[in-house]
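Engineer: In this note's numbering, the protein residues as written are 13 to 237.
Don't take each hint at face value.
What the hints assert, rightly or not - Computed Cβ-Cβ distance ranges for the label pairs, DEER-style:
{"id": "1", "residue 1": "Pro122", "residue 2": "Asp99", "range": "44 to 54 Å"}
{"id": "2", "residue 1": "Pro122", "residue 2": "Gln49", "range": "15 to 25 Å"}
{"id": "3", "residue 1": "Pro176", "residue 2": "Gly75", "range": "19 to 29 Å"}
{"id": "4", "residue 1": "Trp163", "residue 2": "Ile187", "range": "43 to 53 Å"}
{"id": "5", "residue 1": "Leu178", "residue 2": "Glu124", "range": "25 to 35 Å"}
{"id": "6", "residue 1": "Ser64", "residue 2": "Val121", "range": "33 to 43 Å"}
{"id": "7", "residue 1": "Glu208", "residue 2": "Leu178", "range": "21 to 31 Å"}
Unchecked claim - Below 25 Å or equal to it, Euclidean Cα-Cα: the simulated SDA-like pairs (lysine to any residue) are:
{"id": "8", "residue 1": "Lys51", "residue 2": "Val121"}
{"id": "9", "residue 1": "Lys51", "residue 2": "Ala111"}
{"id": "10", "residue 1": "Lys51", "residue 2": "Thr98"}
Because the hints were derived from the structure by calculation, they are not lab data.
A quick note: this is a predicted structure, and the numbers were derived from the prediction, not measured.
In this text, a Cβ means the ideal position worked out from N, Cα and C, and glycines have one as well.
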Amino acid sequence: MSRYILLILLAGATWSHAATIAEQILDESIPAPQHVQIKPFLGPDGNLTDDSFVLLEWEAVRGASYYRIFRSLYVDFRPARPEDNTDQPLVQLETPELAWIPWAMGDVVPGEDTVRVVVAVLDNALTTWAVSTAVVEGEVERSSSMTIGEWISFTAPSTPPVEPPLYGDHNRDGIVGFDDFFLFADHFGTRSADPEWTPEYDYTENGVVDFDDFFIFADSFGKTQ
13 MSRYILLILL AGATWSHAAT IAEQILDESI PAPQHVQIKP FLGPDGNLTD
63 DSFVLLEWEA VRGASYYRIF RSLYVDFRPA RPEDNTDQPL VQLETPELAW
113 IPWAMGDVVP GEDTVRVVVA VLDNALTTWA VSTAVVEGEV ERSSSMTIGE
163 WISFTAPSTP PVEPPLYGDH NRDGIVGFDD FFLFADHFGT RSADPEWTPE
213 YDYTENGVVD FDDFFIFADS FGKTQ
């Protein structure tokens, strides 16, 4: 059964998964998520919602503790480095730079081969997303490299054209021909109160087979179904 995990987490928020993590290590031996896809989120009725949410899907990784979701955004600050000689945790950049921002997390759902996470976008901007696998051992989190997702465009299902009804094929042979004309002529002038009344010849449904019905029959004459 398909399941959606709704996560509305801002960058920098405290993640309950990582509350006890004391150290994070990049471990290339951990399999990264495969076939990461980003799709517009469809509501319960199957219709496209606005750009406030996106749906991320990827193949589940055996042994994962959870997954980290990153978003590529322009930032005005970066974490301070020793060479910056400052006590401040952040340093302002001269020009904005693209950076991978921790944005949300995805749970491991037992028995599911595909992970599906609905994430809040908040600014309705179409940006790049990536996912990494996290494996926790004690207070140490080992993470895989990130897999950048592929955007999958949404195409609304096409509605087949509705064919107008074919009036006049009374003998059900797939064509409105002379046999149907003779049948129609036999019922021409009948009214709903008459014993021989047959409603299928009253195309206008006004209670009488008259010239209005005849003109409709004439328009259908020679057509096939």
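Engineer: For the range 25 to 35 Å, tell me whether the beta carbons of leucine 178 and glutamate 124 fit it or not.
Structural biologist: For glutamate 124 against leucine 178, whose Cβ atoms are near 49 Å apart, the range 25 to 35 Å is violated.
Engineer: What's the verdict on lysine 51 and valine 121, does the C-alpha distance respect the 25 Å limit or exceed it?
Structural biologist: holds (20 Å)
Engineer: For the pair supplied as a hint, lysine 51 and alanine 111, confirm whether the alpha-carbon distance does not exceed 25 Å.
Structural biologist: Holds, at about 22 Å.
Engineer: Taking 44 to 54 Å as the hint, is the beta-carbon distance of proline 122 and aspartate 99 inside that range?
Structural biologist: The hinted range 44 to 54 Å holds for proline 122 and aspartate 99, with Cβ atoms some 46 Å apart.
Engineer: Range hint 33 to 43 Å: satisfied by the CB atoms of serine 64 and valine 121?
Structural biologist: Given range 33 to 43 Å: violated, Cβ gap about 24 Å.
Engineer: With respect to the beta-carbon atoms only, verify the hint that proline 176 and glycine 75 lie 19 to 29 Å apart.
Structural biologist: violated (60 Å)
Engineer: Looking only at beta-carbon atoms, does the pair tryptophan 163, isoleucine 187 fall within the given range of 43 to 53 Å?
Structural biologist: holds (50 Å)
Engineer: Can you tell me whether the CB distance of proline 122 to glutamine 49 sits inside 15 to 25 Å?
Structural biologist: Given range 15 to 25 Å: holds, Cβ gap about 22 Å.
Engineer: Need the status of pair lysine 51, threonine 98: alpha-carbon distance at most 25 Å?
Structural biologist: violated (42 Å)
Engineer: Between glutamate 208 and leucine 178, does the beta-carbon spacing fit 21 to 31 Å?
Structural biologist: 24 Å Cβ-Cβ, so the 21 to 31 Å window holds.
The structure is inconsistent with the numbered hints 3, 5, 6 and 10, although it conforms to all the rest.
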